[in-house]
Structures are given as structure tokens and as C-alpha cells.
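Please construct the entire structure, taking both the sequences and the accompanying hints into account.
Number of protein chains: 2
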Amino acid sequence: MNILDCLATALGEKGLATGKDMDAWTKDWTGQYHWTPLCVARPANTQEVSAVLAAAYEARLPVVPVSGNTGLAGGTKGEGAIMLSLDRMNQIREVRKDARSAVVEAGVVLSELHSAAEEEGLSFPMTFGARGSCRIGGMLSTNAGGSNVLRYGNTRDLVLGVEVVLADGRVMDLMSALHKDNSGLNLKHLVIGAEGTLGVITAAVVKLVPKPGAYATAVVGTNTLGEALILLNRLQEITGGAVEAFEYMCPNYLRAYHAMHPDQRPILSEPAPVTLLVEVGATAPRDIEPDADGTVPITGYLEAALGDLLEEGAVVDAVVAQSEAQRSEMWAMREAAAEVSLTHKPLVNNDIAVALDDVSVFLESINARLKALDPEATAITVSHLGDGNIHYTVWPSKDDPQHADAIMAACEDEALALRGSFSAEHGIGLTKLPSMARRKDPVAIETMRAIKAALDPRNILNPGKVIPATVSE
Amino acid sequence: MNILDCLATALGEKGLATGKDMDAWTKDWTGQYHWTPLCVARPANTQEVSAVLAAAYEARLPVVPVSGNTGLAGGTKGEGAIMLSLDRMNQIREVRKDARSAVVEAGVVLSELHSAAEEEGLSFPMTFGARGSCRIGGMLSTNAGGSNVLRYGNTRDLVLGVEVVLADGRVMDLMSALHKDNSGLNLKHLVIGAEGTLGVITAAVVKLVPKPGAYATAVVGTNTLGEALILLNRLQEITGGAVEAFEYMCPNYLRAYHAMHPDQRPILSEPAPVTLLVEVGATAPRDIEPDADGTVPITGYLEAALGDLLEEGAVVDAVVAQSEAQRSEMWAMREAAAEVSLTHKPLVNNDIAVALDDVSVFLESINARLKALDPEATAITVSHLGDGNIHYTVWPSKDDPQHADAIMAACEDEALALRGSFSAEHGIGLTKLPSMARRKDPVAIETMRAIKAALDPRNILNPGKVIPATVSE
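Protein sequences, first through last, are from chains A and B. Residue 151 in our numbering is what sits at position 151 of the first sequence, and the numbering runs on without skipping anything. Residue 160 in our numbering is what sits at position 160 of the second sequence, and the numbering runs on without skipping anything.
Be aware that a few hints might be false.
Given that identical chains are not distinguished, each listed pair holds provided it fits within a single copy or across any two copies.
Quick list of in silico lysine to any residue cross-link-like pairs, SDA-like style, CA-CA up to 25 Å [claimed, not checked]:
(1) Lys211 x Ala8
(2) Lys207 x Arg151
(3) Lys207 x Gly153
(4) Lys97 x Gly132
(5) Lys97 x Val109
(6) Lys20 x Asn223
(7) Lys27 x His258
(8) Lys14 x Leu433
(9) Lys27 x Glu339
(10) Lys398 x Glu376
(11) Lys371 x Ala355
(12) Lys20 x Leu4
Hints listed in this document are in silico derivations from the structure and should not be mistaken for laboratory results. Since this is a predicted model, take the numbers as computed values, not measurements.
Shown next as C-alpha cells:
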């Protein structure tokens with residue numbers, strides 16, 4: 001039987017898209033990649049995912065898993081491939097309030113999981129700009145980061161168990177809901193972050209945490225990144241580690257944001273060299289219940305720290321959110337980052353991590369390198385500063401892939417000179433494959449290749465992604 | 001060249017032990033396993049580890065890595081093998097106070113890392129009874145748990161980077177110190193918990209955390225495990241999640257402990273059905289600085305919670321430690337667990353995990369099963385109750401391996417009926433290999449076998465451990 005007939009039989013009419021119906025799966029969110037799949041398989045359950053993979057394995061056809069398709073590294077490009085979309089597997093199977101966990105299918109939209117957790121007074125703390133359209137499967141497959149990693153860890157830190165369908169269609173049940181389970185090689189962590197190259201994640205057990213009963217949020221201006229770190233450390237000390245988000249935006253970014261959203265007034269009265277979005281969350285009654293003069297203690301800690309540092313001169317300006325609406329406005333400014341970056345083409349999209357106190361060193365050296373490489377380029381820096389994670393986006397003056405690669409290589413040089421990473425949270429996909437080939441430990445790449453060959457001997461799972469075919473240098 | 005000559009040349013006189021000098025490496029800590037190695041290689045650095053593995057690979061000889069040799073699952077048994085001891089690689093290379101991390105070699109003793117962190121006002125929070133003799137390499141290779149997992153996670157949650165020597169001697173550098181580093185398949189998590197079957201961990205970058213400025217510790221008696229959980233939840237709520245340890249000891253255990261240590265007076269005036277060791281830690285000044293009447297706030301929270309629950313009848317007795325000496329006495333009682341278990345032979349040693357609210361269900365059903373299987377057996381239960389992790393040790397009435405296996409199988413049955421794990425924190429080694437074969441998802445075992453074959457094609461690394469050769473049932 002022809003593969004399309006075979007898939008049509010296995011999946012039914014709703015489960016298979018071809019021709020025009022594939023439109024949503026022919027490009028990525030960044031607009032950098034366009035492709036024509038063979039078809040789009042949209043299984044409704046694990047058994048159907050297994051049937052798709054068994055058929056593809058038999059026919060030796062490439063399979064590209066996709067859920068929300070909001071990735072930034074080209075991980076879902078699938079020229080001639082069977083796109084395996086998890087979008088119909090979108091059930092939240094269970095929210096266990098007492099166990100603080102949820103069982104979700106790979107196609108659940110992140111914001112829906114947020115809502116389901118909140119209904120039980122809990123929180124799923126992973127969050128980022130794409131939360132209204134990204135889905136759990138992609139989030140796990142890229143080990144997504146975001147704005148609350150500082151307090152709650154990366155995606156993998158929030159996953160207790162997974163269900164995975166292997167290349168030949170076998171289903172691997174690792175759906176433990178336990179916090180301790182040492183039973184052999186840790187296959188869960190191997191599959192998380194593998195970007196669909198080793199198997200297709202169909203479901204997961206995730207951790208939930210107590211929902212903070214109060215947040216204190218501020219936009220803060222400082223003169224230097226060093227002063228920003230003084231604020232971070234002061235806040236961590238006072239609150240016992242309750243800082244949920246500590247985000248940096250450079251002046252170029254804020255100019256571009258306000259140009260794009262002229263209706264949004266700047267939050268600080270004068271632009272500062274360093275603008276921060278700071279959020280502290282509290283769960284304990286002693287930090288939430290208003291004191292005699294009506295101040296919520298957690299807000300009081302933030303205001304006190306900012307007051308002290310204004311006096312000491314380390315902070316130049318600060319606005320503490322007075323309402324949920326103002327808090328949303330502050331977050332909207334930060335979360336437009338991906339959208340703002342994409343307003344210019346070409347662009348060089350970086351995802352660097354260094355030690356926290358090396359962020360300013362990195363920015364100084366890369367800005368100098370950029371000035372030499374392309375004096376007319378614009379650099380837009382947005383950073384999860386509390387994690388040392390820097391998105392250094394460059395709008396070069398000319399559209400030339402070699403030029404773009406030279407800029408990316410310069411970023412990698414400067415990050416690696418500080419023992420940093422060229423790939424912090426977005427993943428490798430296609431975009432970072434050259435960086436991977438030239439920067440990752442060669443023995444590690446050889447090891448990845450051996451594992452890939454062992455688990456996907458016909459190389460059908462997202463082929464050509466993540467693991468470079470050859471090691472450079 | 002003969003392998004011993006080859007190793008002697010590579011390692012020098014200090015680096016190779018044979019004959020009588022191997023005595024320390026011919027048995028495990030539990031006394032259950034005895035063996036005669038070919039030799040003990042004691043490399044002084046990563047290059048020497050690489051040389052040992054390259055030589056063993058060439059000669060196709062088994063290599064059993066060992067560091068502190070304090071494991072409870074027989075993972076270091078090495079009949080005829082080259083024992084590769086990391087004990088001479090015992091340098092703490094760096095403690096980075098601001099970055100809150102340390103770079104350590106695999107042979108560092110855990111308590112030495114504790115001290116080095118404390119000198120900088122920080123803490124490495126992984127701790128358990130063997131801390132004075134276990135070493136980092138074994139702790140990572142078994143993904144050890146312990147008493148503070150509730151707050152700080154398992155060993156793998158505290159590891160940022162590792163250096164690993166592969167079967168053929170190649171060195172894989174994954175020594176990232178970053179909190180975000182998504183660069184391909186996560187090989188770090190694959191090697192952690194692999195018990196030396198995929199490579200030898202030679203060094204690691206570990207996370208440090210702020211050292212609590214105050215602890216509040218108590219021994220508490222309740223009538224039921226359900227009441228114990230009320231206390232746990234109340235404490236987590238009041239303190240915003242500051243419970244560091246929540247440990248359960250059964251009456252049989254306390255009787256055996258006091259029989260072994262007659263100099264130690266019982267802490268509670270009357271034995272309670274459920275005895276708990278509870279510890280809360282505080283880092284924020286608001287929880288540490290004594291208030292007007294001299295009470296340290298974190299102690300006040302604990303006392304208030306205990307007072308309320310005494311009044312409500314959920315707690316029957318409680319003693320809050322009034323000094324560091326009293327705190328140590330409380331911990332000594334808990335940490336003698338492994339030692340107490342080993343006073344009787346034969347023993348069946350279990351390492352179960354279930355959901356927190358299933359612990360009492362598990363104990364009730366397994367006690368009933370045990371009564372039927374062996375009415376004269378004694379069961380000793382010690383549990384990291386805050387993690388749902390139960391060490392259910394049985395002293396059977398007769399020395400018969402089949403009988404022991406029937407008891408272990410009954411424990412597995414009851415745990416798996418509650419979707420629990422047969423192996424929470426001690427690892428598989430040899431002891432849990434039958435459990436692994438009959439209980440782990442068969443597709444997961446096949447996948448482990450494929451990875452093992454890909455990374456250790458000559459099967460020289462700790463052969464016959466962790467991954468069953470055949471899948472039962």
C-alpha cells in the first residue's frame with residue numbers, strides 16, 4: 001500500500017492533511033524557513049502516533065514532529081517529510097492537586113496548562129512569550145527556558161515522566177509521577193531536549209508548584225549591569241530566593257518596541273542605560289498578608305531594596321506596578337522581544353549563556369567586534385539576566401549569509417572565551433547546526449551520533465537536525 | 001605487554017594495587033558481596049583514567065569504577081575485573097562563591113565538599129549517612145538521594161557539568177558551569193545515575209546554595225502517617241516551602257537503634273506509633289533575626305505549627321532541638337539506619353517510592369503480605385516521607401534466597417500497584433537486577449541495551465550491572 005493510503009487508513013479523514021491543507025505546516029514562525037512536506041499526519045492518540053512511525057519506518061521516510069511550531073531554530077523544517085503534528089492530542093488528562101502534578105498530552109497549549117493549574121490554586125511556572133500558541137511537546141523537546149528559570153529551573157526540571165514513541169513505533173512508558181525513581185539509564189532526560197531526533201514525546205507528567213499569593217513587579221533603571229546584579233543579590237538575600245524574573249532590555253530594544261507599539265508609553269520617565277523587569281513572588285502568609293499600613297510584605301521588601309539602592313546611587317529610577325494591569329503592561333514590553341527582533345531582515349539570532357557577572361564583559365567585547373565587522377549594524381539585546389542568558393540579535397547592514405555567519409561566529413568566540421554556551425535555551429534545530437559543529441566538544445558529538453544511530457538506525461526522526469554530520473575544526 | 005605491566009607503567013607504583021593491597025576493594029560495605037579483582041588501578045588524574053580505559057578496551061577486560069564503595073546495591077562487585085578507584089582524584093579544584101558553584105574531582109569525600117562550601121558561607125545540600133566516606137563519583141553515578149531531596153532535589157539536580165572518560169579512553173568534556181545550556185542531546189543526565197556502565201565520571205561542576213542561617217529541628221510523634229502529612233503541609237504553607245527534611249522511623253527501628261546504642265536516651269518520653277524527624281531551614285533575615293522576646297522566627301513557625309497540631313490532636317508529642325548538640329543527637333538516630341539494618345543477616349533491603357499519600361497504603365498492604373509470607377519476620381521501616389521514599393528492610397526468619405526474593409517481589413507488587421517505583425535512590429547494581437528485569441518497561445530496557453551497546457561495544461564498563469540481559473514476564 002502507498003504510504004498516504006496507509007496513513008489515511010490509520011488516521012482517518014481528520015488525521016491526514018495534504019496539498020493546500022498543509023499550509024500551516026510549510027513554514028516556521030520566524031519566516032526564515034519554507035518547505036513542502038509530503039503530508040501532515042495528525043494522530044489523535046498514542047496508538048496512532050505509533051502507527052505513523054511504524055509505517056514511516058517501514059517506508060524509510062523522514063518524520064518531523066511538530067506541536068506549536070513556535071521554535072526559533074528551524075527545528076520543524078520538513079522538506080518532503082511526514083510532518084507529525086501533535087495538535088490533536090490536546091487533553092489535560094489529570095490535575096492532581098495534592099500530588100502537585102498534571103498529566104498532559106503533547107499537544108496541550110502552554111497557556112491552557114497554566115489555566116488548569118491555576119484553577120486548583122497551583123502554578124505551572126514555565127512561561128515565555130509564545131505561551132498562547134506553543135505546545136507541551138515542543139516545549140519538552142527543546143527543553144525550553146523562559147522568564148522563570150531563575151526560580152523554577154528549565155523545562156526538564158519540571159517534568160516527572162514522559163511517554164515516547166520510538167522510531168519503529170514502539171511505545172516507551174516512562175510516565176512516572178515520582179520525585180525519586182532511579183531505575184536504570186535516565187531515558188527521560190535523554191529525550192527531553194532531543195528535538196524529536198530520538199523519539200516523539202506524546203504525553204508527560206509535569207510538576208506543579210504553589211501559586212504565589214502575591215507578586216511584586218517593577219521596572220528599574222540602572223547605569224550598569226554590575227549595579228543590576230547588586231539589586232538581584234540584594235533581593236535574593238532579603239526574600240530568601242524569591243526572585244521569579246530578572247530581565248534586561250537594552251535601549252535599542254526599547255526604541256524598537258515603542259516604534260512598533262506607539263500606544264505604549266515608556267514606563268520609566270527617562271531612558272536608562274540598563275532597563276530591568278524584576279518580579280518577586282510569595283507563597284507564605286507572612287509575605288502576603290498586608291501589614292498595619294496596608295502594604296503587602298513582599299512589595300515592601302522590593303520597595304525597601306529599591307529605596308536603599310536609589311539612595312546608594314546603584315538604581316537611577318524605578319516604578320513598582322500598582323495594579324495587575326500595570327504588571328501586564330510591563331510584561332508585554334518584555335515579551336514582545338521575538339516579535340520585535342523579526343521586524344527586520346536579515347537578522348542574526350543569538351542565544352548565549354555566560355556566568356551572571358560575565359554578561360557585561362560579553363556585551364562589551366561583542367559590541368566592539370560587531371563595530372569592526374559591521375559598523376552600521378544594529379544590536380538588540382534582551383536577556384534573562386538572572387540566568388546569564390543573552391539574546392543578542394543583530395540586524396546586519398547587508399543580506400549575506402557569510403557575513404551573518406561571521407557575526408554569529410564572533411558571538412560564539414566571545415561567549416566561549418568566557419566558558420559560556422552558544423545555545424542556552426532555543427535549541428539547535430537547523431539554525432545552530434554550524435555552531436554546534438564548530439563549538440561542541442567533538443567527543444560529545446561522536447557520542448550523540450552513536451546514540452542517534454542506535455535508537456534511530458534508519459535516520460527517519462527529524463533527520464539532519466541537532467547533531468552535525470561532520471565535526472569542523 | 002601484559003596488562004599489569006602496562007598499567008604499572010601508566011600509573012606508577014602508587015597507582016596500582018595487587019594481591020593483599022587490594023583488600024579494601026574486595027567486598028562491599030553491606031558485606032553481601034565478596035570478590036577478587038584482577039587489580040586495583042588508582043589513577044591520579046583524568047589522563048591516567050583515560051590510559052587505564054584505553055588499555056582495558058584494547059585487552060577487552062572488565063572495568064568496575066569505584067569511589068567511596070558505600071553503595072547498597074552491589075554496584076562495585078568486580079570479580080576478575082580491573083577496579084578503577086577514583087580515591088586519589090580528591091581535589092576540590094575551585095569553590096566559586098559568587099557563581100555558587102564548585103569544581104570537584106570524583107574522589108572528593110562528600111563531607112569535605114560540605115566543609116569547603118561552608119567556609120564560603122554556602123552549602124552543598126546533598127547529604128546522607130555515608131557522607132564521611134562516600135565520594136562524589138559514586139554519588140553522581142547512583143544519582144544519590146538522601147534527606148534533603150524534598151527541598152533541593154536529587155544529586156542530578158545539583159550537577160551543572162561533568163567530565164567523563166568513555167570505554168575506549170576518549171575524554172568527554174561537559175564541564176559547563178551554566179544554568180542554561182541546550183546544546184544537543186543531554187549526555188550529562190545520561191551518565192549521571194548510569195552506575196559506571198557508560199563511562200567513568202572523573203570530575204563535576206556542582207551547584208552550591210546559600211547556607212541556611214538558622215535551622216529549626218524537632219522529633220515529633222503522631223498516631224498516623226496521615227497526621228504526619230498534615231504537619232508537613234502545614235509547615236510548607238507557613239514557611240513558603242522551607243522544609244529541608246521530613247523523615248519517618250517506625251517503632252521497630254527505634255527499638256533496634258536503642259538496643260544498638262544504649263547510651264542514647266529516647267527523645268520522646270513515650271514511643272509514638274509514628275516518629276518523625278523534621279527540619280526547617282531559613283536563609284532570609286526576616287526568618288533568622290530573633291524577635292523582641294528572643295525567638296528565632298523560623299523556630300517560632302515550627303513551634304506554632306506543632307502547638308496548633310498538639311491542640312488539634314494530630315500531634316501527640318514533640319521535642320524541638322534547643323541546641324546544636326541536641327540537633328546532632330536527633331540526626332544520629334535517623335542516620336544510623338543503614339548500620340542498624342545490617343545488624344541482622346539475612347536481610348531484604350528495599351528502596352520503594354510512591355506518592356506521599358500512598359505511603360501508609362503501601363505499608364499496610366506490605367505488612368499484611370509479609371505476615372502471610374513469613375509471620376516471624378521483622379520489618380524495619382525508615383522513610384524519607386517527604387519524598388514518598390520508603391526503605392522497608394525485612395529480617396526474614398530463614399536464610400533462603402528464594403524466600404528473600406519472594407518478599408522483595410511482594411514489595412514490588414504493592415509499590416507498582418500504586419504506580420510507585422521499585423528503585424528510588426540506591427540504584428540497581430546487582431541487588432535490584434531481578435526487580436529491573438521483571439518491573440521496568442520492556443521497551444525502556446531494550447532502549448538502555450541499545451545505548452549501552454553503542455557506547456560500550458566491548459561491554460567492559462561495569463558489565464552485568466543495571467541493565468538486565470533478558471527481560472522477564
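Hints, verified against the model:
{"no.": "1", "hint": "Lys211 x Ala8", "in the structure": "neither (44 Å within a copy, 60 Å between copies)"}
{"no.": "2", "hint": "Lys207 x Arg151", "in the structure": "both (14 Å within a copy, 14 Å between copies)"}
{"no.": "3", "hint": "Lys207 x Gly153", "in the structure": "both (11 Å within a copy, 13 Å between copies)"}
{"no.": "4", "hint": "Lys97 x Gly132", "in the structure": "within (23 Å within a copy, 39 Å between copies)"}
{"no.": "5", "hint": "Lys97 x Val109", "in the structure": "within (20 Å within a copy, 40 Å between copies)"}
{"no.": "6", "hint": "Lys20 x Asn223", "in the structure": "neither (53 Å within a copy, 67 Å between copies)"}
{"no.": "7", "hint": "Lys27 x His258", "in the structure": "neither (28 Å within a copy, 70 Å between copies)"}
{"no.": "8", "hint": "Lys14 x Leu433", "in the structure": "neither (35 Å within a copy, 45 Å between copies)"}
{"no.": "9", "hint": "Lys27 x Glu339", "in the structure": "within (16 Å within a copy, 62 Å between copies)"}
{"no.": "10", "hint": "Lys398 x Glu376", "in the structure": "within (9 Å within a copy, 83 Å between copies)"}
{"no.": "11", "hint": "Lys371 x Ala355", "in the structure": "within (24 Å within a copy, 57 Å between copies)"}
{"no.": "12", "hint": "Lys20 x Leu4", "in the structure": "within (15 Å within a copy, 69 Å between copies)"}
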